[in-house]
Structures are given as structure tokens and as C-alpha cells.
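A.B. asks: Those protein sequence lines, which keep their order, are chains A and B. Under numbering that gives the first Met the number 0, the first residue of the first sequence is numbered 0, with each subsequent residue one higher. Under numbering that gives the first Met the number 0, the first residue of the second sequence is numbered 0, with each subsequent residue one higher.
Just so you know, these hints were derived from the structure itself, not from any lab. One should not assume that every hint holds.
If you anchor each label on the Cβ, the simulated ranges turn out as follows [unchecked claim]:
1) ASP108(A) / LYS305(B): 29 to 37 angstroms
2) ASP30(B) / HIS106(A): 25 to 33 angstroms
3) ARG304(B) / GLU110(A): 44 to 52 angstroms
4) ALA5(A) / TYR152(B): 50 to 58 angstroms
5) HIS106(A) / SER200(B): 33 to 41 angstroms
6) ASP31(B) / ARG53(A): 28 to 36 angstroms
7) LYS339(B) / PRO44(A): 39 to 47 angstroms
8) LYS127(A) / ALA145(B): 16 to 24 angstroms
9) PRO109(A) / LYS318(B): 24 to 32 angstroms
10) GLY205(B) / ARG53(A): 39 to 47 angstroms
11) MET234(B) / ARG111(A): 43 to 51 angstroms
12) PRO44(A) / GLY205(B): 52 to 60 angstroms
Heads up, incomplete: computed chain A residues facing chain B, CB under 10 angstroms, no partners named [unchecked claim]:
13) PRO109
14) LYS119
15) GLN130
All of these numbers come straight from a predicted model, not from anything done at the bench. We put the beta carbon where it would ideally sit given N, CA and C, even for glycine.
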Amino acid sequence: MKRYEAVDISGDAGVRAFGKSAGELFANAALGMCSLIADPETVRPEERLEISLRRGSLGGLLVAWLNELIFLFDARGFLARDITAAVSPSPGGGEDFFLTASVSGEHFDPERHRGKLLLKAATYHRLKVEQKEDFWTAEVIFDI
Amino acid sequence: MLPRVRDLVEVLYREVPSGVGSKGRMRLGPDDERKLLVKGAAWAVENGLGEPADIERTESGGRIEGADPSLISEKAYERGRAQQGTLGSGNHFLEIQYVDEIYDEAAAQSLGLFADQVTVMIHTGSRGFGHQVCTDFLEVMERAAAKYGIALYDRELACAPVKSPEAKDYLAAMRAAANYAWANRQCIMHWTREAFMKVMSSSPRGLGMSLIYDVAHNIAKVEEHIVAGQKRRLMVHRKGATRAFPPGHPELPQPYRQTGQPVLIPGDMGRASFVLLGTEKAMEETFGSTCHGAGRLLSRHQAIRKAKGRKIWKELEEKGIIVRSAGRETLAEEMSEAYKDISAVVDVVHRAGISRKVARLRPLGVVKG
Chain A
0 MKRYEAVDIS GDAGVRAFGK SAGELFANAA LGMCSLIADP ETVRPEERLE
50 ISLRRGSLGG LLVAWLNELI FLFDARGFLA RDITAAVSPS PGGGEDFFLT
100 ASVSGEHFDP ERHRGKLLLK AATYHRLKVE QKEDFWTAEV IFDI
Chain B
0 MLPRVRDLVE VLYREVPSGV GSKGRMRLGP DDERKLLVKG AAWAVENGLG
50 EPADIERTES GGRIEGADPS LISEKAYERG RAQQGTLGSG NHFLEIQYVD
100 EIYDEAAAQS LGLFADQVTV MIHTGSRGFG HQVCTDFLEV MERAAAKYGI
150 ALYDRELACA PVKSPEAKDY LAAMRAAANY AWANRQCIMH WTREAFMKVM
200 SSSPRGLGMS LIYDVAHNIA KVEEHIVAGQ KRRLMVHRKG ATRAFPPGHP
250 ELPQPYRQTG QPVLIPGDMG RASFVLLGTE KAMEETFGST CHGAGRLLSR
300 HQAIRKAKGR KIWKELEEKG IIVRSAGRET LAEEMSEAYK DISAVVDVVH
350 RAGISRKVAR LRPLGVVKG
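So here's chain A without its partners, still in its complex pose (with noise of 0.2 angstroms):
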């Protein structure tokens, strides 16, 4: 199964996902979103982060998830190459999305790493989480 492709819209950079649950389809989206950012095979599991979120929607917890690793790349250069993640109904109960995710790679180095784009902010704009019996898919458009 395709894991990620590009969604190619001018001015701007997209990514369209897929997975057999919602925890693989963040981490795929999460993969998409990095590919933009460096080749990942340049990327070395070197460095492991757990991470989680807890948000009122599944996309706003996609786009917060999505925002964390933008914000984990441009603050300390961190780069994703191998990603697992869980995606719950809050484990205390009520309305909201729980994400866990384990994400290993490295901090760039110009040296080894090509930098592609340079990602604001995952966005709002055109977002979509869909489910169709055991098959999700998700897109979303970065602001660069």
C-alpha cells in the first residue's frame, strides 16, 4: 500500500496519506510531510521522541501533530525518519482525540542532508480525514 504522495497546489505544498487505522495514517502523514523536508533516506534513527497530543477533532489533533514536528524540525532540527502512533478516544473519557507517537531520526546536518522546503505551518485549508471502513485516508496543505 502507497503510504504517502504529494498533492501538488500552487504557492503552497501538500500531502496526501493513507493507512489501516488512524495511528498509521498520522504516521504516514507525519512521513509524507517530512519527505518534503529532506530525502528521509538520508534520515538515521538515531534519536528517539515520544510525543503525544490531545485535541477536541481528529483533524484538529492532525494538524497539531503535523505542527509539532514542523515546530521540532525548525526550533532544534530535529528530522522524522521512522514513526509509530496510536490514535484513541481520550484515554479520561469526553469528546477529544488522543495521539501517542514514538518518532526516531536526527538532527539535520547540511552536510548529509539536502533541506527541500522550508514548512511554515501544516494548515487548516483543504483538511481531510476520512474513513471508509478500514481505510483512511487524510490530506493536508502546508503554508511554505
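Based on the hints, put chain B in the right spot on chain A.
C.D. replies: Here is chain B on its own, set in the frame of chain A:
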């Protein structure tokens, strides 16, 4: 000058960090970080990065009142810390240009422009700092829109009533980001002067490197405008638009009171950029605003496909333009064909009367991220 353009581009590329993953050369303590957000370009000048005369020729004196550093998230501080004094990537640039056409001799003279003069244009903003402020407040504003019963056409256009606490907080944070951007451009301008001094073995005054104008290209400001015959205080948000105030506007600094506000319109790296002046008609018809730039014609992928197998840098060199870029794909994405023809865009705003042409600038050397 011409034989030195290659050296200048190399030095500028080295002295002004640019591109994906680049880090700034400034290391500020928490106290200075906050001062910079309140003082804007003046902070840079107070710290030896520029001259007091620069401030006079910067929109709002390079500092908008009402910035509140306490409303900035730790994440925005962290993102901004690494990037203060960096150019960025994408359509951000630093260009060495020359005046190749004057449309209004008297206006050009009052701006200090003359034919064949070498100029520098810097296009950058609040970098990751501003993007994080936006990301942080988009969530706040989305909740606020629901709270105040505003139906959103697009979640990206989340908003709140101007006088609500959410909007007040956002504006105080946005003002800090605007001040960050003014400080950023002031720092980069200073290092540009240093690069010229180094390569040309002269002082900035000897080189005549004085600022013409620094104008924000994305900002919301409280301004007075006439609406249906009544003077009103409005929140004017210019995104993809540039302020173009007319002669006599009280916001303009003394040197430009008679001429109107200088408007800088960047084109693309292969063709041209323009200097215009604001007009009364812009006040009447567009809340004192004109265009922002050329606007894209091709998407990134279309541009990359079109550039495949070509050496964009070489094509530019054949036209006498030396280009240096950190990203390989940036040049393809930013090539002339990816943009509308800026001359045609500027002709439209000139003929519409919402700003008027003063001079056309042609690129000689380009630094891209």
C-alpha cells in the same frame, strides 16, 4: 561594481544565513529577546546593527506599539531564537539590483534613486517565530469563533471580535512578531552593508548605502479611513498586499511626507522589481493598499518539471545575473517562468492609480534560501 558582483554574492551568502535548516549567528539572552520584541528595528540599531537614520525610513519606525512578550509561547521563543538574523527559504531573497528605468524623475530624486544606481532589496519576515505565533493563536481563535458565534467559511480564517480578550492577546503577540521581522531585516541590512564594505573596501557612507524604505508585506494595523463619508478606525489586514499611503499622510516620515510612501514590489529573480509610491486613490479605493508581488503562475511541481534538465543558475548567468542558493530545488521553484510578469502586474496597479511607478530595478546578484 559589475566585476565584484560574484564576490559580493559569495560574501552575502556566507554572512546572511539562508536555506532550510540554517541557523542564525545571533545568540540573545532572555532579556534581549524580550527587548527585541518590544523595540523592533531600534533594538538592532541600539546594538550597533545599523544607523538611527534607518529607523526614520522604516514603516512605523520599525516598531509597532503594544507588543507583549509575555503572550509569546516558549515554542515561539525557541523557534525564533535559532532563526533571528536568517533570510529563510522559498520566495525570500536578498538581491543586488540596479536602477534600469526611471518613470518619474522628480519622485526618483526625492527617494535618492538615479539611473544605473546599484540597490539592494531584502525580502524576509518574522521567520519561524511568526509562524509559531500564528500556529499557537489559530487554536485560540478557533475556540473564540465558536464562543462568539462566528461561522467560519474556512478554519484557516479563524477570528474573534477585535475588542475580545482573545483578539487583544493575539494582536499583542502579532505585534511582537512584526517587531521581530523589523529587527530581522535591520540585522540583515547591516550585514549586507558590511559585506559591501568588505568587498568594495569602502565605508557604507562612501558607498552611499542608505535605506530607502522598509515596509511590511503581511500585517494587521489599526488605521483611520473614510467609510461612507465617515472617518472610522479600522483594523486593516494586509496579506499579499502592501501599504501604499499617499503624500501628506501623518504616518509617513518627514522625508516622504511630500512624495507619498515608497512601496517596494519584488518581482522574480530573472526579471525585475519595482519602486512605487502610494497615492490618494489607494486611500479612497483600497484602504491605502497596493499589490504585494508578482504572484505565482506555476505550482512547485510544475516549475520543477519545467526546469528538469536545465541549469537555471547558468541561464541566469547568461543574462548577467549571478545566483547563489542553498536549496537545489529552490532555483527551479523560483525561476522566472514560475511567476507572472511583474511589469504587467505593476502596470495594472499603476493604471488603476492605487500606486505609481517610480523606478524599475533589474537583478545583478541573487541570494536565495
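A.B. asks: Would you mind marking each hint as holding or not holding in the structure?
C.D. replies: Here is how each hint holds up against the structure:
1. ASP108(A) / LYS305(B): 29 to 37 angstroms: Hint holds: Cβ distance 31 angstroms, inside 29 to 37 angstroms.
2. ASP30(B) / HIS106(A): 25 to 33 angstroms: holds (28 angstroms)
3. ARG304(B) / GLU110(A): 44 to 52 angstroms: Given a distance of about 29 angstroms, which is not inside 44 to 52 angstroms, the answer is violated.
4. ALA5(A) / TYR152(B): 50 to 58 angstroms: violated (27 angstroms)
5. HIS106(A) / SER200(B): 33 to 41 angstroms: holds (39 angstroms)
6. ASP31(B) / ARG53(A): 28 to 36 angstroms: Given a distance of about 35 angstroms, which is inside 28 to 36 angstroms, the answer is holds.
7. LYS339(B) / PRO44(A): 39 to 47 angstroms: holds (43 angstroms)
8. LYS127(A) / ALA145(B): 16 to 24 angstroms: holds (21 angstroms)
9. PRO109(A) / LYS318(B): 24 to 32 angstroms: holds (29 angstroms)
10. GLY205(B) / ARG53(A): 39 to 47 angstroms: violated (60 angstroms)
11. MET234(B) / ARG111(A): 43 to 51 angstroms: With Cβ atoms ~46 angstroms apart, the hint holds.
12. PRO44(A) / GLY205(B): 52 to 60 angstroms: holds (54 angstroms)
13. PRO109: This interface hint holds because 6 angstroms falls under the 10 angstroms limit.
14. LYS119: Holds. Min distance 4 angstroms.
15. GLN130: Violated. Min distance 20 angstroms.
Hint violations for this structure: numbers 3, 4, 10 and 15, all remaining hints satisfied.
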